[in-house]
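A.B. asks: Okay, here's what each chain looks like letter by letter:
2 protein chains.
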Amino acid sequence: MKDSPLTIGIDFGGTTVKIAVVFQSHIIDQAPPIATQEYAGHGELIEAMVRVVEELRTRHPNIAAIGVGMPGFVNFEKGLVYNLTNVRDWESVPLKTILQEKIGLPVVVDNDANCMAFAEWKCGSGRGFQHVVFITLGTGVGGAIIANGQMIRGARHGAGEVGQTSIDYQGRAGHYGNRGALEKYVGNSEITAAAHEAYVAAGIQKSLEDCAPAALAAAAYHGDPIALAQWESVGRMLATSVMNCCWLLNPEAIVIGGGVARAGELLFKPFKEHLFVQLSAPFKDHLMLLPAAFGHEAGIIGAAALARELI
Amino acid sequence: MKDSPLTIGIDFGGTTVKIAVVFQSHIIDQAPPIATQEYAGHGELIEAMVRVVEELRTRHPNIAAIGVGMPGFVNFEKGLVYNLTNVRDWESVPLKTILQEKIGLPVVVDNDANCMAFAEWKCGSGRGFQHVVFITLGTGVGGAIIANGQMIRGARHGAGEVGQTSIDYQGRAGHYGNRGALEKYVGNSEITAAAHEAYVAAGIQKSLEDCAPAALAAAAYHGDPIALAQWESVGRMLATSVMNCCWLLNPEAIVIGGGVARAGELLFKPFKEHLFVQLSAPFKDHLMLLPAAFGHEAGIIGAAALARELI
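Chains as they are written, first to last, in the numbering used here: chain V, 1003 to 1313; chain U, 1003 to 1313.
Chain V on its own, in the form it takes in the complex:
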C-alpha cells in the first residue's frame, strides 16, 4: 500500500471540504464537496469526511496515505489543529490521530497555505528551486517559505504568514492587533472596499459587487483609470511585503497564487516595478516572479503530495 502511487488530498475550506484521489499531480477522482458550515461540530464533520474517504477507497483500494490542508494554525508534527480562522468548534483537534484511527492509513495534516506551496514547489511553478517564497492572495493573504531546500515551519509551525506582516507601522490594525498587516490592504474585501471608495470619491455609482477583484480587473482591462489606479496601489503594497521577504530570505523565486492573482499583468506589472526599484543586485538579478501553476486544485494536490512525500 505504501508503494501505491495513489494518495487522497483533502482541501478543508471555510465553505467546502474537497476530497480527491491524486496520482502524481493529477486529480483522478473527486467526491462531491462537503458543505463545511452544515456541520455543528468537528466530530460530525470528521465523520462526514471519513465516509467520503471510504467511498473513494471502494473505487481505489490502493490509497497509500491521506493529506489534509486546514485553514488555520496546525501543529504539523502532531497533526493537531490549534484553531481555524472561519470555522467554529475546531480548537485543539488531534485530526491526524482521529483520522488515522478511523481510516487505518497514514495521515498528514498541514496548514492550507503550506499545502498549496508544497504543490507549487514539488510539481508547479516553484519546482527545482531551493529558496522560494509562496504567497496566496484571496479573502486572506497566506504564504509559505522554502529555504535551503526545506519548508520553513518555525518553532510552532506558524512560519510563512506573509499576510500578517506589516507594510506600515502606523497602519490599520490586523486580526491580531498587528499594525499595517498586508492582508488588511490587499485582501479580497479590502481591495473591493478601496475601489468602492475611489469610485464614490469620483462621483461614480458602483455596487460593491462591481468593485470586487474580478470585476475590477475587467474594468481595468477596458482602460478604466480608477480601476487601473487600484491595481497599481495593490501592486505597490504587495511589493513592500515581498521586498521584505527578499531582504530577509534572498529567494530565487516568488510564486503568487489565489483568486486576486488572476488579475494577471494588471497586478504583476506594478508589483514588479515597485519591487525591483527597491532591491539591490544580489536580491533581484536572478529573481523570478511567477504566477502559481495550480488554481483551485492546489490545496488538494499539495496535501496529496505532502502525504506522498512523508510516508
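Among the clues, some could well be false.
Note that the list lumps identical chains together, so a pair holds whenever it fits in one copy or between two copies.
What the hints assert, rightly or not - Think about it this way: if two alpha-carbon atoms lie no more than 25 Å apart in a straight line, the pair counts; the simulated DMTMM-like pairs of lysine to aspartate or glutamate are:
(1) K1286 / E1079
(2) K1286 / D1031
(3) K1286 / E1093
Everything labelled a hint here was simulated from the structure, so no lab data went into it. Quick caveat, the model's predicted, so the values are computed rather than measured.
Starting from the known structure of chain V, fit chain U onto it as the hints suggest.
C.D. replies: Just chain U now, with coordinates in the frame of chain V:
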C-alpha cells in the same frame, strides 16, 4: 593542524581590521588593529592583514584555519567579496583564494552580521535554538537568520538584511531605494537626528553629540521625557520589523546586539510591549527576546567559530 583548537578570527570594519587568535569562544591573543582607511587599495590592505596573521602564527604555530567577517556583500561559498558599503576598492575581490594562497591555511569569508550571529548561535545567547533571528543595531542595522537549525543565506548569500526591510511603504528611501527601510529610522545617526529634532522642537539646545544613542540613553535614565519618548519610538519601529520576522519565520528567539542595544531596558521595554501586542499565541508564547552575549568581540569570535566549524 586541522585538529588544533586554535583559529584566527578577523573582524574587518570600516575603521579598523581586528585580528585575534581564538580558543573556543575566547580571544587569547590579539594584534594591534589595522587602520582600514590608511590603505588605498584592497591589495595593500590584504598584505597588511597577512603580515599580522603571520606575526600571530609565530606565537601560535598551530592555527587550524582563518575566518573573516566583511562589512558588505559576500559570496560565502566562493569567499568572494562583491563590494563593501564603506570601504573603497573592494569590488569583486576573491579574498578567500588570495588569503589561502598567501597564508597556506583554510580560509572562510562571510558577511560580518552572519559572523556575529554565528558567535551568538554557537556560543552566545542563541545557543541551542533551531530558529533564531539575530539583529545588530549600530551605524547600520544588520541581521542574520537561523531556521531549521541552519544559517539561511538565500540564493545569493544576501539573506538576513533586517535593516533594509520596510516599516512604512510610503516612508523614507533607504540606501537601495527601499521605502521605509528600518535602518533609516533606527540607525545610529537617524536616532541622533530624530532626538536632535525633538529637542529643537521643544526649544532645548543640544549638540548632536548629546543626542547620540549613548547620551540619549543616559538622559533617559535620568528621566528626561524627550529622551524617553525617543527610545519608545525606536522600540516601536524595531518591533515592527521584528514582528514581520516573527510572522514569516516563527523563531524561538530574537537576539539583539550592537551599540544601540546597549540602551538596555530603555529600548527593550517598549520594543517588547509593541512586539507582543502584535503577535498571536503560537508566535509569542515561547518567544525569547535576548540581548547579545558578545559585544565588540562578536565579529572576531564568530569568524573564528565559522572557520572552526567549516574546516
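A.B. asks: Should K1286 paired with E1079 be assigned to within, between, both, or neither, using CA atoms and 25 Å as the limit?
C.D. replies: between (34 Å within a copy, 19 Å between copies)
A.B. asks: Up to 25 Å between alpha-carbons, please classify K1286 paired with E1093: within, between, both or neither.
C.D. replies: between (41 Å within a copy, 18 Å between copies)
A.B. asks: My question is about K1286 and D1031: at a cut-off of 25 Å on alpha-carbon distance, are they close within one copy, between copies, both, or neither?
C.D. replies: neither (41 Å within a copy, 42 Å between copies)
Consistency with the previously given hints fails for number 2 only.
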